[in-house]
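Novice: Using the sequences and the hints given, assemble the complete structure.
Protein chains in written order, with this note's numbering: chain A, 1 to 434; chain B, 435 to 745.
Be careful, since some hints might not be right.
Said to hold, decoys possible - So these bits of chain B aren't anywhere near chain A, every CB distance computed over 10 Å:
no., residue
1, Arg-475
2, Ala-550
3, Val-558
4, Val-606
5, Leu-645
Unchecked claim - Derived pair list, reagent style SDA-like, types lysine to any residue, alpha-carbon separation capped at 25 Å:
no., chain 1, residue 1, chain 2, residue 2
6, B, Lys-560, A, Glu-87
7, B, Lys-560, A, Gly-214
8, B, Lys-560, A, Asp-81
9, B, Lys-560, A, Lys-169
10, B, Lys-560, A, Glu-270
11, B, Lys-560, A, Ile-425
12, A, Lys-169, A, Gly-357
13, B, Lys-560, A, Arg-212
14, B, Lys-560, A, Asn-313
15, B, Lys-560, A, Gln-55
Claimed, not checked - Derived DEER-like restraints, expressed as beta-carbon distance ranges:
no., chain 1, residue 1, chain 2, residue 2, range
16, B, Leu-730, A, Lys-169, 47 to 55 Å
17, A, Glu-208, B, Leu-729, 26 to 34 Å
18, B, Val-542, A, Glu-371, 51 to 59 Å
19, B, Phe-597, A, Lys-298, 50 to 58 Å
Source of the hints: derived by calculation from the structure; they are not laboratory data.
Beta carbons: idealized from backbone N, C-alpha and C, even for Gly.
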Amino acid sequence: MGITRRDAVLGTAFGGLLLPSTLRAQPVQRPQELRIGITTFLSGPASVFGVPGRQAAEMLIDEINRGGGIGGVPIRPYFVDEGPGVEHLLGEFRRLVLNERVEVMLASISSGSCLACTPLAEELRRVTLLWDCGTQRIFEEKRYQYAFRTQANATPEVLAPLLYLLKRKPDFRTIAVLNQDYAWGRDSWELWRAGMQALKPDARVVAELFPRFGATDFSTEVTRLLALRPDVILSTSWGGELDTFIRQAAERRLFERSTFVMPLAESSLERVGRSLPAGHIVGSRGDHWFQHPAPADKARLDRFVNNYRQRFNSYPIYPTYHMYQALSALQAAYAKAMAGNGGNWPNEQQLAAAFPGLEFDSPTARMTIREDGQGLEPQLIGTSRHTDALPFATLSDMIVFPPELVTAPVGRNSVEWLRGLSRDILDRVPAPAG
Amino acid sequence: MGAWFADNGLLLGLALLDGLASAALIFLVAVGLNLVFGVLRVLNIAHGSLFAIGAYTAAGLGAALGSGALPAWAALGVLILAAALVGAVLGPLIERLLLRRIYAEENVLQLLVTFALFMMLEDVQKLVWGVQPVHHDAAMRLFGTFDVPFGSDFIPFTAYQLFVLPGIAVLVLVGLVWFLRSTLSGRMIVAVTTDREAATAIGINADRVYLLTFTAGAVLAALGGALASPTAAIVPGVGASTIVLSFAVVATAGLGRIEGAALTALMIGLGRSVAVYFFPEAEVLIPYLIMVAVLLVKPQGLFGTLETRRI
Chain A
1 MGITRRDAVL GTAFGGLLLP STLRAQPVQR PQELRIGITT FLSGPASVFG VPGRQAAEML
61 IDEINRGGGI GGVPIRPYFV DEGPGVEHLL GEFRRLVLNE RVEVMLASIS SGSCLACTPL
121 AEELRRVTLL WDCGTQRIFE EKRYQYAFRT QANATPEVLA PLLYLLKRKP DFRTIAVLNQ
181 DYAWGRDSWE LWRAGMQALK PDARVVAELF PRFGATDFST EVTRLLALRP DVILSTSWGG
241 ELDTFIRQAA ERRLFERSTF VMPLAESSLE RVGRSLPAGH IVGSRGDHWF QHPAPADKAR
301 LDRFVNNYRQ RFNSYPIYPT YHMYQALSAL QAAYAKAMAG NGGNWPNEQQ LAAAFPGLEF
361 DSPTARMTIR EDGQGLEPQL IGTSRHTDAL PFATLSDMIV FPPELVTAPV GRNSVEWLRG
421 LSRDILDRVP APAG
Chain B
435 MGAWFADNGL LLGLALLDGL ASAALIFLVA VGLNLVFGVL RVLNIAHGSL FAIGAYTAAG
495 LGAALGSGAL PAWAALGVLI LAAALVGAVL GPLIERLLLR RIYAEENVLQ LLVTFALFMM
555 LEDVQKLVWG VQPVHHDAAM RLFGTFDVPF GSDFIPFTAY QLFVLPGIAV LVLVGLVWFL
615 RSTLSGRMIV AVTTDREAAT AIGINADRVY LLTFTAGAVL AALGGALASP TAAIVPGVGA
675 STIVLSFAVV ATAGLGRIEG AALTALMIGL GRSVAVYFFP EAEVLIPYLI MVAVLLVKPQ
735 GLFGTLETRR I
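Specialist: Right, here's the structure in full:
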């Protein structure tokens with residue numbers, strides 16, 4: 001039977017009335033479980049961050065599920081190892097979205113992984129939270145509809161310790177750098193140097209040392225630094241390499257000759273114990289610190305720290321806080337999207353639309369995601385000190401930098417923004433809080 | 435040139451001291467790999483795992499025995515004991531259960547099997563020791579530091595890196611050369627290396643020689659890891675970086691050549707430390723630049739000999 005003219009006219013009219021509204025607010029059935037993919041390092045040197053990140057995810061998801069899940073839906077995590085490389089990661093990302101039907105991806109620790117995953121998130125139209133990677137390039141080079149970062153980026157993580165150094169030791173004349181020879185080590189030095197040239201143009205760089213990624217011995221570099229006697233030594237290294245550098249430097253009394261600035265050393269403090277002497281500058285890739293001088297909700301911070309310690313027998317380090325932030329943002333975004341959808345489960349577009357301007361709680365602060373997808377996270381920097389209470393260095397003279405002060409504005413390239421800084425910014429640095 | 439030395443002579447001296455300690459560790463790991471390849475003709479990728487397990491075991495044993503309270507020689511003894519344990523247990527196990535079955539197979543298959551073993555042992559390390567960096571520096575701390583004059587200044591070095599590591603490397607080198615040239619077991623190893631068929635025909639038990647050699651190689655790899663453990667944090671992946679450098683040493687030295695491994699380790703150790711002082715960007719490239727330069731001039735390696743191929 002053919003289609004008559006009457007059928008066609010009726011069909012067109014009916015479809016024209018209903019189809020657009022169907023696309024706009026297609027009802028999505030509330031799932032039995034909320035499947036989320038989490039990419040993290042479970043092998044290789046970066047598993048010192050990846051495994052605590054996974055542990056925190058398991059602990060927090062258990063807590064969320066015990067409380068009824070998100071909108072009454074329990075979370076089911078799927079973990080993917082970033083260790084085998086980007087090709088493997090992209091394959092797993094695609095498999096999780098297309099085969100396992102995960103609704104949200106949390107990716108990744110490595111900046112290289114994030115740079116690769118973000119275009120794929122757009123292609124697959126799957127909300128992706130960049131939960132730990134630092135590269136500032138992602139939202140400065142392109143706008144994304146489905147990708148959001150639930151923490152800061154490399155710019156505030158480098159600028160905050162530079163400002164702290166300029167406040168604490170404004171008269172330093174010489175500086176040396178020892179960073180790992182890979183993207184983060186090189187990029188963080190570029191950011192530091194851009195800021196330093198603007199704020200302290202008379203500082204002289206006496207050595208730029210980039211030992212290979214994965215190096216296990218820094219004796220030669222320590223000798224070189226001992227001979228040079230720079231006023232300041234910067235190292236954005238992390239993991240076993242930072243531990244080894246700190247121990248070898250301590251054994252050979254390099255800490256007595258130079259002031260160290262270590263923006264990621266919070267994650268090494270418990271492991272290196274008393275090897276790290278007092279008086280050196282430590283950062284934590286955010287405002288993560290179990291002795292935070294002014295947390296937004298002290299009970300919340302204590303609960304997180306105590307639960308983590310009880311379950312894993314160590315203090316939580318920064319990736320565990322970043323995981324908290326990602327899951328907290330996810331809960332807040334679902335709540336916002338459902339509220340805007342009459343209490344119904346949101347579709348992908350509705351969920352993605354909830355993130356720009358989203359406010360959510362971290363263990364220490366109230367955070368925001370900007371309109372470009374970048375999270376605004378405070379930065380806590382302090383000076384190492386020793387007490388009888390703990391067998392490792394804690395922090396004194398802590399400054400919590402507001403994110404607006406140290407993050408490049410929307411649409412600005414970080415390096416150019418840092419080069420254009422004036423010394424007025426130092427007047428806006430808050431006073432030490434603890 | 436003279437002016438350059440006048441300006442940089444002192445720095446060069448420091449670089450040479452640094453290079454010695456670095457060369458000692460490189461030698462200890464690479465010589466085991468070289469010995470195993472020379473006799474068994476198997477390129478053992480799992481050699482890096484034996485290094486890592488030696489390091490983890492030494493740190494674990496040191497912490498468990500509380501060697502911080504022991505005198506220096508005891509802390510050092512714990513490291514050597516750990517290496518001996520790892521080599522003596524894992525060496526025969528791997529040789530008997532795995533390698534013995536693939537001696538007659540293609541090189542590619544041998545590589546795949548030892549690579550698979552490497553991957554499995556990587557996971558075993560994570561299961562046993564976790565992923566957080568492990569460290570125990572009692573041996574290094576107990577030997578203290580030694581101040582080297584530097585113009586009007588001085589540079590503190592650890593006595594462990596300045597004297598103990600190079601000292602042990604020299605002992606191992608001399609001991610190995612003496613063992614291979616002056617003992618019956620050593621001569622049997624040399625005989626099997628030279629011509630397995632002829633050695634078997636005159637009554638040498640080649641299987642036993644293989645077992646002995648592989649176990650010695652495993653002990654040396656573990657010793658390298660154990661001696662590195664007081665100075666470095668041990669992390670997942672340390673075995674992989676070790677094996678890559680060891681291959682460069684073995685290829686440069688000439689496969690199966692012990693003196694070659696020592697000389698190459700010295701060249702790489704010194705080359706890398708000099709690079710850190712004067713051309714830091716080239717430090718990562720030095721081992722491979724040395725390898726390429728040597729192989730261009732002597733394709734069989736520094737001490738390697740041309741082999742006739744039976745058809």
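Novice: Quick check: which numbered hints come out false for this structure?
Specialist: 9, 11, 12
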